[in-house]
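Undergrad: As they're listed, the protein sequences go chains A and B. Counting with our numbering, you get residues 2 to 566 for the letters of the first sequence. Counting with our numbering, you get residues 6 to 373 for the letters of the second sequence.
Calculated from the structure, these hints are not laboratory results. Note that CB positions come from ideal geometry on N, CA and C, so glycine has one too. Some hints here could point you the wrong way.
As the list claims (entries may be wrong) - From the structure, some residues in chain B lie toward chain A, with a derived Cβ separation under 8 angstroms:
hint: 1; residue: Glu73
hint: 2; residue: Asp223
hint: 3; residue: Ile225
hint: 4; residue: Ala238
hint: 5; residue: Glu241
hint: 6; residue: Lys296
hint: 7; residue: Phe349
hint: 8; residue: Ser365
hint: 9; residue: Thr369
hint: 10; residue: Leu371
As a plain string of letters, each chain reads:
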Amino acid sequence: MSNTGPDAITGPTPDNAIRQADIAEKEAAGGDAAHAGPVLAADGTPLKQSLNRALRRQKLRALALIAPLLVFILVTFIAPIADMLFRSVENEIVEETLPRTIKVLEDWDGQGVPGEPAFEALAYDLMIAAELKNHTRLGSRLNYETTGVSSLFRKSGRRVDDIGEVYADQFIALDPAWEEPATWIALMAAPGWSAGEGEIPAAFEMRDGVAEVLPRTADMYGAFADVIRTEDEESVADEEPWNIVYEALYRDLSENPEAAIAFDGENAARLAAAAEAVPGFETTTMSEIFIDIDKDWGSNNTWGTIEAFSSRYTSGYFLASADYQLTPDGIERQPEDQQIYGLLFQRTLFMSMTIMISCVLLGYPVAFLLSNLPMRTSNLLMILVLLPFWTSLLVRTSAWKVLLQQQGVINDILVWIGLVADDNRLELINNQTGTIIAMTHILLPFMILPLYSVMKTIPPSYVRAAKSLGATDWTAFWRVYFPQSVPGIGAGCILVFILSIGYYITPELVGGTTGTFISNRIAYHISSSLNWGLAAALGTILLAVVLVLYWIYDRIVGIDNVSLG
Amino acid sequence: MKLKTLLASTAAATSLAGGAFAEAHMADSMTIVSWGGAYQESQRKAYAEPYMEANPGVEVIWDESSAEAVAKLRAMNESGSISWDVVDVVASDAIRLCDEGLAMEIDADEQLAKGDDGSDASDDFGDLLVSDCFIPQIVYSTTIGYRTDMLDKKPESICAIFDTETYPGKRSLEKRPIGNLEWALLCDGVAKEDIYDVLETEEGQDRAFEKLATIKDDVIWWSAGADTPQLLADGEVVMGSAYNGRLFSLIEEQDQPVAMMWDAQVFDLDGWIIPEGLSDERKARALDFIKESTNTQKLADQAKYISYGPARQSSAPLVGKHAELGIDMAPHMPTDPANATNTFLYNYEWWADYRDDLDSKFQTWLAQ
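If we strip away everything but chain A, and leave its shape as in the complex, we get (with noise of 0.2 angstroms):
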């Protein structure tokens, strides 16, 4: 390698002269000190002040000139890399459709099931989730850790809009004038307020001191005005209440019979009235009334793990991707039918190596050949290396499966020869050997391509010097001509191994089953079961395992010694 670090450059440089700058400085300030002052330039400056600036110019200019390239790389190569890792951590979704729950969860022991608190927290949360259909995602989300919760939170989406109904039957029988939006509008809202004549209704706004003698109601009043005017952009002067507003307002009133007193007129006299009857009033609890919907909500097993992954940053994905995973009890490995990814991990690596192995033993031989040969043939040579490298992928794949398959060419001509018997042919496909054979044909050339452009560089007098110096071919080759060589097989290694190790259409189309790869499971999780957060977790440790190799390597062989020409 040559060597470019900037003192190597022979002419003046901004960098250096400041250097010399700051030695004149020091050299003057220690000698005589009523001499001592900044050298200056010729235009009265001190001379490092307008190094500086040019300095600083040049640097701005190279600026420039990358910025393009720089923005680009950044925006859609860092930026979405970056994103698609943070997704392995990231869990706000059930923080942010269950915020009340997993407020009283907090409290909560893990012990059995919650209390009733938590109940109502849930009948809350569900019901605006259910408006909004988030439930549903959050459903799905959870599913990927317990069984059974997708269905759950589907089935009690759809129950939630009853849960109340029996409170508000019996409010609107005690006055009707509790089924008038009007009376909930003159109740609930600030004096003076009106959805208005636009398109959109006006945000609610809640009137003063509601909250403080009424506060679920109000809590869920004002969701219910929320999710009117946004999602089905109606007036809420217009729409009676969700069933669990009079449910709300039933807690309230007997928590809190004195409520009337922060109202005047028709209102206090109609809240009085029905903070007298609500003692007598038919009641269930949440919990019976959820139990009912599904017996799953009375196990703490359910509960469990809405605690476990309540918190905004998950370290669950990570976990499964490691056979691992994050119950109410703590951390513990997968049942042993499950633990996968270790293994694809570890057959990923296995199989990257010994192609990257077999893409050497093949690739050096024919490198050698065209380097050495004369033009004309070496051209043709070429010509058939980069064939292949310029078919399709999927053709090449495809030629590989009529190839090698039972009733396939291969197996065909050997049974012809005699070589195998007809009830006895190869499995050359579906399993390991059909990845690895494929692979090392669809990347060959990015280990000859390499190997063949350092070769080309290696002076044929220096074989030929050692040769008349006495060594034998042998000799000559493995004590010269082999270490010339070697940066070739470095930067070929480093290409072949990091392009298999993220390998996935070939090894899905001829792998079979054992013969899959890592990236096979992540396609999976992207496309299919949509868990993005463990297609991430996993994708983050493979560019881990990736940089952690190849900074062994570093170690191993020096990245100075790669070189690809």
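Got chain A sorted already, so can you dock chain B onto it with the hints?
TA: Coordinates of chain B only, in the frame set by chain A:
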């Protein structure tokens, strides 16, 4: 003040006239996403061409991304620009999209055409409306094709797959748990109606995997729909599961020595969804297209081009002959009474819950 009144009355007039001039408010181009190949071709001929004839000026853009529809729709939704208007997906994907809030809910009775026999759409589609967002279009089935020249005995029951003594040779099965586990239990003596109850238990799952393990060495696992037909044509396998339409074209169009065994065929559905978050004009166009192209006659028309059964009950009597081969299509329909003596409909809800778990079990089992 005057201006305001004027504006208000104009607005009122426009909204009144809205119903009459609905046409004017529909987008004049729409992107339809489907699976490509013969299937998309059948949709083009049966649905899109008549629609474009009836609505000149409407441009239809085709996309062939249905296989990645769920992931792509999610990505589009996150980026906030949805470029698809009507998407063809299988039922399980539709459920997933609906759960994720990525597909629009559709009220079958209000937004779809009544059946030709006057029945409400919801009755006409019946059980096939497996999700609120899904308008079924066809019933297809995963069924078994076998080489007539390579087997000594004609397989009559699904359990022939597990009987390697009577039917020696390789078989191909789909590389996923859905369908295979049900067949394994069925052939392990579990009654059809109990299968999901058994599969819900740990022992039941083990039992299914054990049954599959008896033939593990004889199975080539496929992941693309074209695999089994190809493997059968090459003689790589003696029998294998495949979509009935693919087997139809292998047998009738390519004349291969292959026959179909309909026993315990697993029904699956394919249909339309409309992505959530379209502008009103595009939504109106998409709904109009779907209403038009899922009526009784159109669904029956599609069966002229491909051997998948129409999802409406009222369409069944209208199924005619193949457009090119001129053969009667009814006997090739998975829904034909002669073929449908023993059928199996996925329990979609159940699989939505258990899919992730069983899939990792299945993959681990395969990898061992």
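Undergrad: Taking each numbered hint in turn, which are not upheld by the structure, reported in ascending numerical order?
TA: Checked against the structure, the hints that fail are numbers 2, 4, 6 and 7, while the rest are satisfied.
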